[in-house]
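According to the numbering used here, the sequence shown is numbered sequentially starting from 12.
Each hint should be verified, as a subset may be incorrect.
[Unchecked claim] Mimicking DSSO-like on lysine-lysine, the simulated pairs with C-alpha atoms at most 27 Å apart in a straight line are: (1) Lys173 / Lys231; (2) Lys231 / Lys212; (3) Lys188 / Lys337; (4) Lys315 / Lys231; (5) Lys322 / Lys77; (6) Lys93 / Lys301; (7) Lys196 / Lys212; (8) Lys196 / Lys258; (9) Lys301 / Lys275; (10) Lys320 / Lys196; (11) Lys337 / Lys315; (12) Lys337 / Lys48; (13) Lys93 / Lys59; (14) Lys93 / Lys231; (15) Lys48 / Lys212; (16) Lys322 / Lys258; (17) Lys301 / Lys258; (18) Lys169 / Lys77; (19) Lys196 / Lys59.
If you're looking for bench data, these hints aren't it; they were derived computationally from the structure.
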Amino acid sequence: MMNSALVTGGNSFIGRHLVSELIRRDVNTTVYARSIKTIPEEWIGKVKVVEGDIIDNNSLLSLGDKFDVVFHLAAYVHKIPKSDDEERYVYTVNVEGTKNLLESLSDSVNNILFFSSVSVYGNGMGRDIDEITPTNPTTIYGKTKLSAEQLVIDYGNKHKIKTTILRLPLVYGPGNKGNIYNMIKAIDNRRFVMMGRGLNKRSMVYVGNVVDASMAVLNKEISDGKVYLITDGIDYTVGNLYRLIYKGLGRSPLPFCVPMGIAKMLAIAGDIGNKIIRKSLPFNSEVLGKLTDSLAFSSERIQKDIGFKPKYNLYNTMDETIRWYKTVRHRPASSRQND
12 MMNSALVTGG NSFIGRHLVS ELIRRDVNTT VYARSIKTIP EEWIGKVKVV EGDIIDNNSL
72 LSLGDKFDVV FHLAAYVHKI PKSDDEERYV YTVNVEGTKN LLESLSDSVN NILFFSSVSV
132 YGNGMGRDID EITPTNPTTI YGKTKLSAEQ LVIDYGNKHK IKTTILRLPL VYGPGNKGNI
192 YNMIKAIDNR RFVMMGRGLN KRSMVYVGNV VDASMAVLNK EISDGKVYLI TDGIDYTVGN
252 LYRLIYKGLG RSPLPFCVPM GIAKMLAIAG DIGNKIIRKS LPFNSEVLGK LTDSLAFSSE
312 RIQKDIGFKP KYNLYNTMDE TIRWYKTVRH RPASSRQND
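Go ahead and model the full structure; you've got the sequences and the hints to work with.
This is the structure:
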């Protein structure tokens, strides 16, 4: 039974949805965040909020309270480092920060959920990736997430604490100014044209499914250190997503796409431009790959182990996401980290 919980990165996109669910369940919740200036007003009086950074041992030790469950979301997320110093900072936050958190926990903790990423598998893996697919991270983000996973599992084994790793693909929904938001914005501003026929498949997960899966693994007896991929259970084609966004915006899709041959030539030109000006251009081979390669993950393990079935998908949530987009489209994007 969960009576008290700590949520690191509680003011992040996923964190906010998770904390709202914990409030609904009357769980005594402590939110640990780098900034408390943007904490939702509806949380006031319902949660304890502690301002601090996981790279600061003193702020972690000041938490003081005992928790049944720890939800560890705080991280430096997908922004690509531009220097060696920035790479070291990603490591400091994601690995050293996780180590600091674990060392600060009291013996009252009996469950740790760590929110990881499919970045641990590397790029260009294709389809039917599951939990036993070998990991091969190619980015500093993926490498540090994998290292943090192992820290959590080792800590659980040493202290006899149940640990669960949730590996997430692209997470979407109201509150996230990430890839889906950017695609909606580009289509809304008539700056997006589909590359190829849009038949490549991508796994995604609605934020509500992430929250539901988090609650589900807490309520089931599963082995310690279990790793689960969480998806909507549907492999969407980019064409599906493209048409859903147009429908949600009340528009008709463009009657043409960019043929792959032309797209590849434009991408090569972007690669050459990157090398000449030493700066990432908006379109290159990496961007083309994200738009046209398949990257699909299997979430069968969590369905078989605990019977978890996602309730949400692009088809029943896109209207909600677009309504949110219309309320925030002129606001600036948020900062570096899962706060």
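How the hints compare with the structure:
| no. | hint | verdict |
| --- | --- | --- |
| 1 | Lys173 / Lys231 | 11 Å, holds |
| 2 | Lys231 / Lys212 | 31 Å, violated |
| 3 | Lys188 / Lys337 | 12 Å, holds |
| 4 | Lys315 / Lys231 | 12 Å, holds |
| 5 | Lys322 / Lys77 | 33 Å, violated |
| 6 | Lys93 / Lys301 | 20 Å, holds |
| 7 | Lys196 / Lys212 | 21 Å, holds |
| 8 | Lys196 / Lys258 | 14 Å, holds |
| 9 | Lys301 / Lys275 | 13 Å, holds |
| 10 | Lys320 / Lys196 | 30 Å, violated |
| 11 | Lys337 / Lys315 | 38 Å, violated |
| 12 | Lys337 / Lys48 | 23 Å, holds |
| 13 | Lys93 / Lys59 | 36 Å, violated |
| 14 | Lys93 / Lys231 | 42 Å, violated |
| 15 | Lys48 / Lys212 | 39 Å, violated |
| 16 | Lys322 / Lys258 | 21 Å, holds |
| 17 | Lys301 / Lys258 | 23 Å, holds |
| 18 | Lys169 / Lys77 | 19 Å, holds |
| 19 | Lys196 / Lys59 | 35 Å, violated |
Of the hints listed earlier, those the structure fails to meet are numbers 2, 5, 10, 11, 13, 14, 15, 19, in rising order.
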